[in-house]
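Engineer: Chain residues, written in single-letter form:
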Amino acid sequence: MSILVDEKTKVLVQGITGRDGSFHAKSMLEYGTDLVGGVTPGKGGQKVSDSMVFDSMAEAKSKTNANCSVIYVPAKFASAAIKEAASAGIELIVCITEGIPVIEMIENYHYIKQKGLRLIGPNCPGLISPDKSKVGIMPGSIHKPGEIGVISRSGTLTYEVVYNLTVNNMGQSTCIGIGGDQIVGTGYIELLTMFEADSQTKAIVLIGEIGGQEEERAADFIKNNIKKPVVAFISGQSAPQGKRMGHAGAIISGGKGTAQAKIKALQSAGVAVSMSPDQIPKILKDLLN
Amino acid sequence: MKLYEYQAMELFRDYGINTPETVLIESPQEAFNTAKNFKTKVVIKAQVLTGGRGKAGGIKVADSPLAAQEKYEEISKLKIKTFPVEKILLAKAVDIAKEYYLGITIDRANKAIVLMISASGGVDIEEVASQTPDKIFKLSINPLKGLEQKALEGVVSSVFEERSQVVQVVKILNKMYKLFIENDCSLVEINPFCLTKSGDCLALDGKVIFDDNALFKHPDKEELSNPEEYSSDEIKARESGLSFVSLDGDIGCIVNGAGLAMATLDIIKLFGGDPANFLDVGGSSNPNKVLKALEIILSNKKVKAILINIFGGITRCDDIAKGIIIASEQIEIKVPLVIRLIGTNDTQGRKLLKDKGFEVYEAMSEAVKKVVAVG
Numbered sequence: 675m676s677i678l679v680d681e682k683t684k685v686l687v688q689g690i691t692g693r694d695g696s697f698h699a700k701s702m703l704e705y706g707t708d709l710v711g712g713v714t715p716g717k718g719g720q721k722v723s724d725s726m727v728f729d730s731m732a733e734a735k736s737k738t739n740a741n742c743s744v745i746y747v748p749a750k751f752a753s754a755a756i757k758e759a760a761s762a763g764i765e766l767i768v769c770i771t772e773g774i775p776v777i778e779m780i781e782n783y784h785y786i787k788q789k790g791l792r793l794i795g796p797n798c799p800g801l802i803s804p805d806k807s808k809v810g811i812m813p814g815s816i817h818k819p820g821e822i823g824v825i826s827r828s829g830t831l832t833y834e835v836v837y838n839l840t841v842n843n844m845g846q847s848t849c850i851g852i853g854g855d856q857i858v859g860t861g862y863i864e865l866l867t868m869f870e871a872d873s874q875t876k877a878i879v880l881i882g883e884i885g886g887q888e889e890e891r892a893a894d895f896i897k898n899n900i901k902k903p904v905v906a907f908i909s910g911q912s913a914p915q916g917k918r919m920g921h922a923g924a925i926i927s928g929g930k931g932t933a934q935a936k937i938k939a940l941q942s943a944g945v946a947v948s949m950s951p952d953q954i955p956k957i958l959k960d961l962l963n
Numbered sequence: 007m008k009l010y011e012y013q014a015m016e017l018f019r020d021y022g023i024n025t026p027e028t029v030l031i032e033s034p035q036e037a038f039n040t041a042k043n044f045k046t047k048v049v050i051k052a053q054v055l056t057g058g059r060g061k062a063g064g065i066k067v068a069d070s071p072l073a074a075q076e077k078y079e080e081i082s083k084l085k086i087k088t089f090p091v092e093k094i095l096l097a098k099a100v101d102i103a104k105e106y107y108l109g110i111t112i113d114r115a116n117k118a119i120v121l122m123i124s125a126s127g128g129v130d131i132e133e134v135a136s137q138t139p140d141k142i143f144k145l146s147i148n149p150l151k152g153l154e155q156k157a158l159e160g161v162v163s164s165v166f167e168e169r170s171q172v173v174q175v176v177k178i179l180n181k182m183y184k185l186f187i188e189n190d191c192s193l194v195e196i197n198p199f200c201l202t203k204s205g206d207c208l209a210l211d212g213k214v215i216f217d218d219n220a221l222f223k224h225p226d227k228e229e230l231s232n233p234e235e236y237s238s239d240e241i242k243a244r245e246s247g248l249s250f251v252s253l254d255g256d257i258g259c260i261v262n263g264a265g266l267a268m269a270t271l272d273i274i275k276l277f278g279g280d281p282a283n284f285l286d287v288g289g290s291s292n293p294n295k296v297l298k299a300l301e302i303i304l305s306n307k308k309v310k311a312i313l314i315n316i317f318g319g320i321t322r323c324d325d326i327a328k329g330i331i332i333a334s335e336q337i338e339i340k341v342p343l344v345i346r347l348i349g350t351n352d353t354q355g356r357k358l359l360k361d362k363g364f365e366v367y368e369a370m371s372e373a374v375k376k377v378v379a380v381g
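As given, the protein sequences belong to chains Y and G, one line each in that order.
When you read off a place in the first sequence, starting at 1, and then add 674, the result is the number in our numbering.
When you read off a place in the second sequence, starting at 1, and then add 6, the result is the number in our numbering.
I should point out that these hints are in silico values taken from the structure, not numbers from a laboratory.
Since we're looking at a predicted model, the values are computed, not measured.
A virtual CB, placed ideally from N, CA and C, is assigned to each residue, including glycine.
Some clues are possibly wrong.
Take a look, some chain Y residues computed to stay more than 10 angstroms from chain G by CB distance [said to hold, decoys possible]:
hint: 1; residue: Leu-703
hint: 2; residue: Lys-717
hint: 3; residue: Lys-721
hint: 4; residue: Ala-762
hint: 5; residue: Lys-818
hint: 6; residue: Asn-899
hint: 7; residue: Asp-952
hint: 8; residue: Ile-957
Here are the simulated lysine-lysine pairs, DSS-like style, with alpha carbons at most 25 angstroms apart [claimed, not checked]:
hint: 9; chain 1: G; residue 1: Lys-275; chain 2: Y; residue 2: Lys-917
hint: 10; chain 1: G; residue 1: Lys-328; chain 2: G; residue 2: Lys-275
hint: 11; chain 1: Y; residue 1: Lys-917; chain 2: G; residue 2: Lys-308
hint: 12; chain 1: G; residue 1: Lys-275; chain 2: Y; residue 2: Lys-789
hint: 13; chain 1: G; residue 1: Lys-47; chain 2: G; residue 2: Lys-151
hint: 14; chain 1: Y; residue 1: Lys-930; chain 2: G; residue 2: Lys-213
hint: 15; chain 1: G; residue 1: Lys-85; chain 2: Y; residue 2: Lys-917
hint: 16; chain 1: Y; residue 1: Lys-917; chain 2: G; residue 2: Lys-310
hint: 17; chain 1: G; residue 1: Lys-275; chain 2: Y; residue 2: Lys-750
hint: 18; chain 1: Y; residue 1: Lys-917; chain 2: G; residue 2: Lys-93
hint: 19; chain 1: Y; residue 1: Lys-787; chain 2: G; residue 2: Lys-144
When you get a sec, could you build the whole thing from the sequences and use the hints?
Structural biologist: The following block contains the structure:
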């Protein structure tokens with residue numbers, strides 16, 4: 675098993691004719707993802723990397739029976755793309771786009787929730803179940819199938835952690851980038867619950883960063899609900915107050931959301947916190963033995 | 007994007023929220039004349055894009071035109087946190103009966119907009135929130151449903167007693183919410199909001215922050231932007247499409263991805279170094295971005311060494327290598343440069359750099375140790 679995506683995931687690419695969309699459609703196909711087509715309004719009938727392009731999500735969904743979509747459209751059009759995917763009833767919507775206005779994201783979040791669907795992101799690298807399905811922009815080659823579940827707010831930092839796991843012969847069940855924005859579709863707690871229930875996953879790596887209180891809430895949840903070992907890494911210990919560190923959600927405001935507070939909360943919940951990404955495999959090994 | 011108080015006050019007035027009469031003044035003489043025209047006590051207020059100006063002596067009351075002139079001169083010499091006082095607002099003083107807090111912001115945890123009211127106005131609301139959270143009354147708003155009037159009246163009634171006050175404050179909060187939504191704000195705050203002895207409701211101070219992600223929807227906001235919100239390096243970086251934050255140390259950093267960039271700073275500190283900046287070159291492989299990044303970092307004379315840490319995903323290591331080579335040919339890099347390349351096309355990238363005599367690392371911790379040693 676793995677969570678959220680596997681061999682049965684049928685993926686549509688929204689914005690497939692764009693520069694990013696076409697590049698990553700090709701890369702996902704090469705990885706072995708079951709990419710069943712794409713959507714760009716007005717470009718229906720074209721082909722990108724042998725994938726059929728449709729004019730609308732409704733049409734694409736009815737013709738391909740896709741259950742997942744991945745969005746690469748620019749921020750201006752991303753909310754419309756998310757809503758279109760949700761209206762078409764796509765069960766898992768993954769939004770890579772960075773820079774969506776926060777009020778729009780709150781609306782998107784509630785819209786998707788009403789429909790009983792799931793959103794990953796936005797402003798995220800997507801997710802991958804190694805050797806089964808890659809839905810996003812991560813380099814497939816650094817992953818390997820295995821027993822570690824990875825949840826992260828970051829992109830390249832996740833690659834750093836995954837790379838360290840793979841070279842230490844620790845494969846991954848599923849790796850999910852939940853996104854660096856203030857409002858994201860799926861948070862730590864839901865994913866921790868899925869990993870706890872997943873038979874393939876034996877341990878979980880949680881990669882957090884400054885801003886918000888999600889890591890603190892995850893710590894509370896882990897204490898009472900998660901029996902599998904969890905190792906965390908939190909970035910931004912040297913970040914100044916009040917400055918946005920690249921990600922829209924990575925900001926310490928009013929003294930809240932510091933790395934130190936998150937590390938403390940996780941440690942007091944019994945989570946092992948690594949001080950550097952390359953120490954994570956060793957800590958995991960100790961916990962698993 | 008943060009607004010100054012005087013800009014927030016103008017926006018409040020556009021939405022029908024009353025404020026005291028104010029004038030932005032530019033000289034001691036103007037302070038004297040304006041106070042004379044007002045024929046009342048006046049308040050002289052430093053305009054800075056940071057909190058805590060009252061404690062720093064940035065707000066003073068004057069009871070005569072001459073006093074207004076003197077206070078203006080005192081305040082104009084101040085530096086509040088890192089901000090020199092360059093703009094000063096003069097406001098008519100009012101007879102305050104009671105002060106309150108009114109605010110609307112984003113509630114990350116509940117994925118909602120949250121409206122907050124408190125009778126503890128005029129003080130640091132974050133302190134109230136941490137010490138006496140029960141003094142803040144909140145209403146969670148789903149923007150798909152809008153501001154529900156019954157719930158709003160309920161929460162306003164828990165702070166204001168008289169019916170006439172409740173009616174007035176409900177109206178003002180509706181105007182604030184309209185302002186918040188129409189301008190894509192991440193914060194609209196009136197602190198203090200006051201009832202005067204004659205029964206009027208006035209916004210005595212205002213804080214407005216626009217959501218940077220939504221600025222593309224509001225091209226008219228450009229003229230309200232205040233470059234002094236950022237350091238000159240931060241502005242240069244932004245113009246080149248780089249995400250940059252100035253820090254106090256002496257090791258310059260160029261990293262791809264915000265999370266990895268933050269982690270790189272932390273690990274530099276872990277090994278005893280002190281980073282000079284946060285810099286995310288982003289996901290593109292444009293060699294020109296590396297050149298711009300190096301130029302900005304080298305303009306900081308404190309920098310003693312530079313670390314380039316790249317984990318290639320979309321970013322291709324050979325493109326980064328080309329950028330470094332172009333930069334080293336175009337600008338003189340007098341400080342040691344430590345490079346770590348891994349991921350997409352790293353073999354090609356490392357070879358390009360090694361052929362030019364650069365040392366290139368694979369492991370992040372090795373590269374960090376090296377840059378701390380040479381810096």
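Engineer: Check the hint pairing G/Lys-47 with G/Lys-151 against an upper bound of 25 angstroms on the C-alpha distance.
Structural biologist: Answer violated: G/Lys-47 to G/Lys-151 is near 44 angstroms, above 25 angstroms.
Engineer: Can you confirm whether the C-alpha distance between Y/Lys-917 and G/Lys-308 stays at or below 25 angstroms?
Structural biologist: holds (21 angstroms)
Engineer: Need the status of pair G/Lys-275, Y/Lys-917: alpha-carbon distance at most 25 angstroms?
Structural biologist: holds (18 angstroms)
Engineer: Y/Lys-818: least C-beta distance to chain G exceeds 10 angstroms?
Structural biologist: With a cut-off of 10 angstroms, Y/Lys-818 remains clear of chain G, as the shortest Cβ separation is near 15 angstroms.
Engineer: Hey, is Y/Asn-899 genuinely clear of chain G, shortest beta carbon separation above 10 angstroms?
Structural biologist: Correct as stated: the minimum Cβ-Cβ distance to chain G is 18 angstroms, above 10 angstroms.
Engineer: Is the Cβ of Y/Lys-717 farther than 10 angstroms from every Cβ of chain G?
Structural biologist: holds (23 angstroms)
Engineer: Taking 25 angstroms as the top limit, are the C-alpha atoms of Y/Lys-930 and G/Lys-213 close enough?
Structural biologist: Holds - the C-alpha atoms of G/Lys-213 and Y/Lys-930 are around 19 angstroms apart, at most 25 angstroms.
Engineer: Non-interface claim for Y/Ala-762: all C-beta distances to chain G beyond 10 angstroms?
Structural biologist: holds (19 angstroms)
Engineer: Take a quick look at whether Y/Lys-917 and G/Lys-310 sit within 25 angstroms of each other, Cα to Cα.
Structural biologist: holds (24 angstroms)
Engineer: Tell me if the straight-line CA distance from G/Lys-275 to Y/Lys-789 falls inside 25 angstroms.
Structural biologist: violated (46 angstroms)
Engineer: Given the proposed pairing of G/Lys-275 with Y/Lys-750, does the C-alpha separation stay at or below 25 angstroms?
Structural biologist: Between G/Lys-275 and Y/Lys-750 the Cα gap is close to 38 angstroms, so the pair fails against 25 angstroms, i.e. violated.
Engineer: Does the claim that Y/Ile-957 lies off the interface hold, with its Cβ farther than 10 angstroms from every Cβ of chain G?
Structural biologist: holds (15 angstroms)
The structure is inconsistent with the numbered hints 7, 10, 12, 13, 17, although it conforms to all the rest.
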